[in-house]
Every structure is written in C-alpha cells, then in structure tokens.
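Based on the provided sequences and hints, a complete structural model is requested.
As a plain string of letters, each chain reads:
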Amino acid sequence: MSANYGYTGKILRVNLTTGKTWTDDTMKYKDFIGGEGMSMKIMWDEVPAGTHPFAPENKIVFGAGPLCGTGVPCSGRTNITSLLPSNPYHAVSSSHMGGYFSVELKYAGWDMIVVEGRSPKPVWLRIEDDKVKIEDGRWVWGKGMFDAMAMISSQVGKEAQIAAIGPAGENQLNLAVIRTGASHSAGGHGGVMGSKNLKAIAVKGTGSVKIAAKPEEMMAIDKYMMSIIGANNQHVVPRFPQPWAEYTNSGSRWTAKKGLFWGAANPPVETGECYPEDMQSVGLRTHKAFQDLGAVAEKYTVRMGGCAHCPIRCHSQVRIPQLEEKYGIDPNVANTCMGYSSPTGIMFKGTPDLPGQEKGEQSMITKTLGSHLADDYGVWCNYGQIGRDVAWAYDHGVFKRVLPAEEYASIPWDLLEKGDPAFLVDFYDRVANKRGEIWHIADGSYWLAKRWNLGEEYWAYDKNKLWSKLGFPVHHANESQSQVGALISCFSNRDAQNHSHSNFGAAGIPIDLLKDIAAEEWGSRDAIDAPKNYSPMNASKAKFVKWSLTRTLLHNSLTLCNWMWPMATSPLKERKYRGDTGLEAKFYSLVTGIQKSKEDLDLDAERSFTLFRALTVRAMGTADMRKDHDQTTSWVVTAEKGKDGKAIPQFTPGTDRMTQDDMELGRTLVYKEFGWDEKTGAPTRARLEALGMADVADGLAAKGLLPA
Amino acid sequence: MAEETGLAMALMDKIRADSAEIRLTPSSELQVLVPEGADAESVLESGSGPDIKTMRGSAERYYFSDLSMTESYAKHLYRLAERDPVRLIADTTRDESKTYPRPTPVETFLEQPFSMARSEIDAAIAAMASIPEYADIRTTSASNGALYLYSATYLGDAHAAGLAEWIEVGQKENP
Amino acid sequence: MDTTKSAHEGESKRSTSSRREFLRIAGTGLAGAFAAAAFGCVSFDTRDGRKVKVWATSSGAIVHDPNRCVACRRCETACTVRNDGKGSAYISRIKVSRNLNYGIDGVSAAYATSVGQMGNFRVVGETCRQCSHPACGEACPAGAISADKKTGARVVDQRKCVGCGACERACPWGIATVDPETEKSTKCLLCGGDPNCAKNCPTGAVRFYPWEEAEALLFAPSADATSGATA
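Protein chains in written order, with our numbering: chain A, 10 to 717; chain B, 182 to 356; chain C, 197 to 427.
Quick caveat, the hints were computed from the structure, so don't treat them as lab data. Remember, predicted model here, so these are calculated numbers, not experimental data. For glycine and all other residues, C-beta sits at the position ideal for the given N, C-alpha and C. Be aware that one or more of the hints could be misleading.
[To be verified] Distance ranges between label pairs, derived from CB positions:
| no. | chain 1 | residue 1 | chain 2 | residue 2 | range |
| --- | --- | --- | --- | --- | --- |
| 1 | A | 224 | C | 338 | 18 to 28 Å |
| 2 | B | 304 | A | 366 | 24 to 34 Å |
| 3 | A | 532 | C | 345 | 51 to 61 Å |
| 4 | B | 239 | A | 308 | 36 to 46 Å |
| 5 | A | 673 | B | 322 | 34 to 44 Å |
| 6 | C | 409 | A | 609 | 47 to 57 Å |
| 7 | C | 346 | A | 704 | 52 to 62 Å |
| 8 | B | 201 | A | 532 | 37 to 47 Å |
| 9 | A | 61 | C | 377 | 38 to 48 Å |
| 10 | B | 239 | A | 431 | 50 to 60 Å |
| 11 | A | 54 | C | 345 | 54 to 64 Å |
| 12 | B | 308 | A | 647 | 40 to 50 Å |
And the structure:
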C-alpha cells in the first residue's frame, strides 16, 4: 500500500455471502482516475456478462475520487456503478448522489467500497475509520429511509453519514434509489443493494485527505476557481436585471435579487444582489425553492442545502405546515429539480389551487409531499418518466386493461382527476410495496412496455419523451445543443445525466459569445447552434460530443459535480465570460502531486469511456452499436408540427428535431473522434491497445465482439 | 482652464454619486450646478472621465458612470425615465430578440427595475398594435398560456414560438 | 468514538470561560494584571492565595450563525487546508460536520422536528471562543498553549505539544482536538488575524468579530441561539 495524496490508497472489499471484508489497493486502478472510471474497470474485470443485477455475483461499487474531501468546490458527490436493472441488457451504468457520504468515506480512509454476494439475512455495514463490521439489519429492514437512517445513527453516532435504501430497494424494484442525507438520491441501483440484503452503509471518519501542494497554492487556486464559478448549473448571468449585470436570462438559476428572502429563516435571510466579486454571497445566488417550487415557496424557505464543499446550494429546504396538517407527514422537506417535479408528472391532470390557497400553493404541496414520500420509500422516477408512463397508461386505457378489476376499482382515481395530491400517498405505497399489478410502473419503460404491451405508438409519441427503446427518456438531448445533446444521449444506458454541454448552452450569455468560446474549445463557431435554430451535423459538433462525454466521466471519477463542472464560462466580463477548462487538471495535479495536463486527463477519461463502451458491447453481445444501441425513437427524427399545424422542416428556425441521415452522419463522426469502428461504433483493437487496454481487446475478441 | 476642469469634476462627482445609488443623472440636475451662461452638457463634452456615459432622451440627456452600473442596466433606467411604456417594452424586446436571440416574457416587465403593473403592460401591448413604428413587435403564447414578445426583425414567427415553448415549458420539464 | 463533549460535562467548566466571570471569581483587583499580560500570559496570586494565570485578551473570535449556514462545510476544509495541508472534518477548528445531521444533542426519536439536516434543517456550528481564561491552556501540562503575540488567539506550539489530549478533555466546547494522524493538538489560531474559514464562507455565516462583540455574541446569556452553543 503506498501513501498517497488525494487518494487514500485503499478500497474496501465486502463479500456479504461469506461475511468477509478485506482491503484492496486503489493505485492499481490509477489509469482510470477514480470513482466511475475505476468502477468500470472493476466491473469489467470481475462481473461477467449475463449476470443478473440482483444476483449475488453482481457487484456494486461506491466510488469517490482523488479530489473528494479536499475542499475543491463541488467535490462532494458519490459515484455508484453496477449492473442496471432497468436496462434491457442489464448493462453497466452509474448513478450518482450528492451529500456528504463520499467525503466521510475518504476521511475514514477509503477511496471506494465494492460490495458483492448476498447476505443470508438483512444487514447494514458499519465503517468507522479502519474498523469495518457487518451488522444485523433485521431491526431496520422494512423501515422508511428517514427512520432507518436515524436508527442506525443512534448506534454509530450522530457524525455518521449513511447511504441507505427504502422499501422500494428492499423489494428489488428496478426503479429504486440509494439515498444519503436529507435529500440526495442516486437513482437506479437501490434494488441491487436490496438484492444483497444490504439496508445501509454508515461511515464515520476521523482522518483526512492529504494534499501534495503547499497550502498557499491550494488556497490561491481555490480563490481563482471561486471567481469563475456562477450559480447552479454554472449559469453565469442573473435571472433579473441587476446594476452590475450586462446580461440576463429568464431561465437562469442565478435567481437572487433584492427583496428575495429565505422567508422561513429566523430572521429571514435576503439573497440580495449577489454581485460576482462577492465571495460571501455565492451560496445565496441560487434560491432553489423559488426556482423549483415557485414564488409561493419564498415564505416557506428555511435555507438552501446541498453537498459537502460546494458553495453553490442547489437543494432547497422548506417547512410547509400544510403537509403535517393535511397529510400527517413531517413539514420539513428538502429536495431539488426532478425530485420535486416528478410527483407533478404523476399528477398529470394538474393540481389546481383550491379556494383560499395562494397561486401555485397546491403545486408546491404536491411537489414537497411527493418528493418526501418518494425519498422515504426510495422510489426512483427514471428522470420523470414514471409520471409520463402513468399518464400514458391512464389515458390509453392500459390500467383498465392490465389491472385486475378489483385493483383498478381500489385506486382513488378521483383524487388524480381532481388534482388532490393525496393520490400520491396511495400511489407510492402501492408501488414501493409491490401491491397488485400497478407497481410494475417501476419496472422502467422497456420492461413495462413489454409486460403491458404498450405498442409502437408508446415509443413514437413525442410527449412521452422516450429517447431510446432501451427505456430511458430525454435528459438534455436534442433540445440542448442540437446534435450534440442528441448524440450524447445515444451513448448512454440510462438517461444521459450529462451537463457538460447543457450548462454551456444555458450559461445565459448571447449566442455570439458562446460561439466565440466554442471556437476556442472545439475548433469552430459551428460547434454550437442557437436554441431551435439548428444547422446540419459537422465535425466540430462531434468534438463537442466527445468532450462532453469524456468530461462528464472525468467529473464522476475525480469526483466533481457535473451539474456545475466544467467551468467553460464565467460571470466575469473582464474575462469575456471565459471560464477555465483546464481547472480539473490544475486541481488534480496540485492535490495528487501527479502532474497531468488537461489533455492527459481528457485521455484518461477517454480510456474510461471506451471501457464503458466495451462493457456495453459485452453486455449486449453485439459489436453493432450503431444498429442495436445508438438509435433513437422515431419522434426524434420526425418533423414536428408548428402552431399552424404545418410541419416545421428540420434545420429551419423553430424546431429542434433531427433527421435520420444527419444523425447517422453524427454517429460516424463521433465514432471517428473516439477512434472506434466507423461502421459499428465499437471500439477497435488498435484503439483499445493505444489506450493501454489490450486485455479488454482480448476479452472482446474471445467473444467475437471486436469489429471486423 | 483649471476652473473648467474643476467644474467638470464636480459634475462627474454628481453623476458618479447618483450612479452609485443606481439612478441616472438628467442634464437638468447638472445644469443647476454650473454658473449662469455655462452649459453642463458642453462642459462634460469637452472633457469627462472614461466611465461617464450619456444617452440622449426626448427632452434631455441622461448621464451615468459605468463604474456603478452596466450600459444595459442604464438603458432600462433610461427607458423608464422617458416615461413611454410602449417604447420601453418594444425597445427592450428588440434588444433581446437581437442580442441573445430570444423572445421576452411579459413577466419581465413586472420585475425590477421596471416594476410595471400588469394592466399597464397589457395596455402598452394593445396600444402597440395600432402604431406602425412597432409593427415588428409580435406576441406568441406558450402552451401554458404565458405570453412572450419578440421583434420580427430578428426572430421568425416559428422560431419565436419554438423558443417561447422551450423557455416556458420544456426547460422546466428538463431541470 | 463520541467526538463531542456532553453538555453536562461542559456546564461547570463553561462558567469560568468568559472574562467577566473570571474577574468575578478572581477579584477585580486583578484587572491591572490584564494590562501586564499584553502578550502571552503571566502567573498571578489571587487575594485568597491561589495561583492563577492571566491571559492577554484575544483580538476577537469567530462566530457561526446557524440561521445563515448552508452546511457546505467549506469552512472546515478552509481551516485544515491552510493549517494542516489536508482536508479533514474531525480536526477542523470550526465544528460543523458533527452537528450536521442531528444537532449537538444527536439523534432522538423526535429527530424529524429537532435540530439538524435530518430535522428542522438548522445547522449548528461550534467555534473556539478564545476564552479569557482558556481551559485548554490551563490544562496543558506542557505549556504548549499561549496567547499569540499578534492576535491574542490561544495557539498550540506544535514543538511543545505532546498530544496528551488534556486540552481536548478540558475544553468545555469540544473544540481542541488531537489529530490522530500527527498526535498534535489542533485548536483555532485565528489564521494570523484573517481566519480562512470566514473568508471562505459562501453565505457570510462564519464571521470574525472583534473581542467585545464576539464576547457579547458568544457569552451573553441570550447568545446561545446565535452562537449555536446550545441551540
């Protein structure tokens, strides 16, 4: 074991079948950086294709990276990698959560945890520095997530950070989360923990993450980074006009303004103007309750929350007495983005305000009630798809067709019809506890469509927003940076969760400025298009795609938050709104003492991404990724109709739709950027060997999965 | 010469002090600071700091220091000072349609620094329809009913409609 | 290991931590000794014949506002990166992590409405009070803790510290902490007068106050809600 900077040097190995725990050396995986990259390597080496996600042979890897725990801005995330139950081929995929878990893990002396096997009875894992113990979990099994965390904390101590599953994970739903802290969920792998009979992992650490650089160097780059950082999603202009601001954007999450408060703080805290040079108001820039729950939420807002070592607070923490009064749940709710909005997707008939309610109040109650229930049960929303699936099944008579009559009659559809959020109380209970037939809504779209025979029109309907027949929806796809977003989504095994491109496009500065920056990064102003004013595919867009895919994997490996990083833009006029895309490498070099340029790190991330691609080839048993993996549903490549009912031709202003030919060209150009086979999109032996992965090439060759 | 410089300094001090309080300085407020027979605008024209900027209004000039506010913010204040809500809405919309480019949600004008009443905004938009000079300003609604304005000089109808739908509905469904 | 001093254990020690309280016990005649102790600390006999140390007053102290804090813990790494060359929560001289989820008192059956991120969201950080009569310094058998000549902060001389943990056990607020990796005590040294935790707080929840203000915020009977001491 070598002493390391950034890395703790140790991976915790746990076999729940045998009850054995042991230590592995992190540095043997160092070419894969950390977190997601290293996890890919472990999955390649140790989990054979054809393994079921819920089989004991599957492994689940909780990974932190070398920057986690050092205080680098936005470095608090945890990467989780395993076989993904909702994917038709159970291909390897990652889920991610924020909070404080990975930081505590590092301070306890571990870079990652690899769990395999299946315990004969429910257990939880206790980690206190180098002391590891598998504890009896029968007394917390079946408990909601909030209670389970409190019960385990009562044993380990209040300092413990805990990652847990709720009933949905225990019951091995495909759509189940692993959660930590008040509101941080990783969607997709809850059932894997459940299948191992592992309720929770509790960590407490008294150690540290050592930094190679001198404190002054680290403090100086941190200060520089803090001058470049914007608001949530690296939006760099404010939403509302401010005397200091040259630009504004109505979609910006820099929502602070004079007169906007955390109204339920005591005394209320005003966000104020938050001018860019004021480092003491960076955490006030994003009023996330105002953003996610609407203006009505201002007076219920206690504070903002978020992750360890992140100055941008993208979770809101609200106190809504109505939740206790009407639904008997705790009034204190925290969440963010889709966690709040997915319950309104389920309440798809709308949630009109009742007499006496303020504007938007019923929607706020729906969002907070639903997110609290989903968080306690640990149900994943498949990035909002669960609501659209409910809507489709209801509106197309599917529920009536597939649910037994008695079950159908027992569901309070009247509550759904009138927009009463009490429907959610019933809904999440049925789903998480696998009651009747309706819970299969949490199988995920691929399995659901098969089981309930939803037909081709289900996939083709544009408002269902299904991106791929692999069963995942749009997550910053064609609507976000034209072919760039569209192609990014094609390389995924679940919703793409890529913000490298979407944050850039949504930074808030004018398109001309963005194009200038794009030319510097990807060689041409044509790398990006203005929203809904697209041009056909070109080589610089393919460079942008590769950059986005590899940077996101890099962030999930370091571990940095890809909801904030990369820093491609900044709020600073004197920098012409340029950010610094070399910051990851600067931080990596200073923290670890291993000197790497931005190109070096990008190459490391490319290695990991190519390995991810090889894992998908192996899982699917075909090298023809173009045909079998990378295709979209049909609506994506069909012209949409304008308000006048006429089709808006692709590549004219007003539409974000793609064409099949152009997307095929896009695939070819991206394959080329990665050095993969341009016909099939599979990694070639030459490229794998150039990236130092001859063993992976051999593995694919043995199964006949290398392209000709 | 020295006297003139001193005078210009005094005027600039006044402008900078006003700008620090986020207000424009109309030339009428500067005129009272200069001796009889002198002209404040001429004094500033013959020599002022690089931070002092001016905009010509219908009746007088407005000054500001860009040390305390950006030109784009000063433009908002200028349009407010001119007290012509129809022109304010049209010119702000044109700027956004041209610069970003994007349509402008009417909610924009409810916010600071505009702080207009909804009725005032609606009246202005209605008035625009009959004034030829604003023929380029059009409206489009997103599917949730939110109203957006755009200038047809810079944005096509389908483009503006598509963008309004994305900003208002799509963006919120894709957080 | 429980990293927090229990409130009960701390209660009796806390009463002597403020300057005002100390003067009451030691006798006002000692006031002059404070002037004498402009630097470091000097020993003095009380009128009832006890030998006590008199400490130069600190230039100020850091105060944490649980109402503004967003639980990012950037203060903790700002502290340890600057002073220890590593990221750590346990040895941070400002303590937020340990109270983060369930408050100072820890988890209870009523956690959902109690202090902490898992309850009412209140985040209570604890800071070194730079006590007028610091229990840590009094307890140190190696004489390793003294008032810094420039800032008056009660600082640990790493060369003298033997890592015995007497300061950790003595501190009524659970601030002084022996680093398990170096076996040296860590306690707030005010970063030479420009505390790095305060500079790096993104909401202005951590601030350095001159002594008079800090003392009022930290030691006044009504101050606990602000200081987080018993919140």
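Cross-check of the supplied hints:
1. For the hinted restraint 18 to 28 Å between residue 224 of chain A and residue 338 of chain C, the CB-CB distance of approximately 26 Å keeps it satisfied.
2. Separation of residue 304 of chain B from residue 366 of chain A is about 29 Å and conforms to the stated range, judged on CB atoms against 24 to 34 Å.
3. The beta-carbon spacing between residue 532 of chain A and residue 345 of chain C, approximately 58 Å, falls within the hinted interval of 51 to 61 Å.
4. For residue 239 of chain B paired with residue 308 of chain A, a C-beta distance near 42 Å keeps the hint of 36 to 46 Å intact.
5. One distance hint, 34 to 44 Å for the beta-carbon pair residue 673 of chain A and residue 322 of chain B, holds here, with the actual separation near 36 Å.
6. For the pair residue 409 of chain C and residue 609 of chain A, the supplied restraint of 47 to 57 Å holds, since their beta-carbon distance comes to about 50 Å.
7. Checked against the hint of 52 to 62 Å, the C-beta distance between residue 346 of chain C and residue 704 of chain A comes to roughly 59 Å, which is consistent with it.
8. Between residue 201 of chain B and residue 532 of chain A the CB atoms are about 44 Å apart, so this pair conforms to the stated range of 37 to 47 Å.
9. A C-beta distance of roughly 43 Å is found between residue 61 of chain A and residue 377 of chain C, which places it inside the suggested range of 38 to 48 Å.
10. Under the hint 50 to 60 Å, the C-beta atoms of residue 239 of chain B and residue 431 of chain A, about 58 Å apart, fit the expected range.
11. The hint said 54 to 64 Å for the Cβ distance between residue 54 of chain A and residue 345 of chain C, and at roughly 58 Å that hint holds.
12. Look at residue 308 of chain B against residue 647 of chain A: about 41 Å separates their beta carbons, and that is inside 40 to 50 Å.
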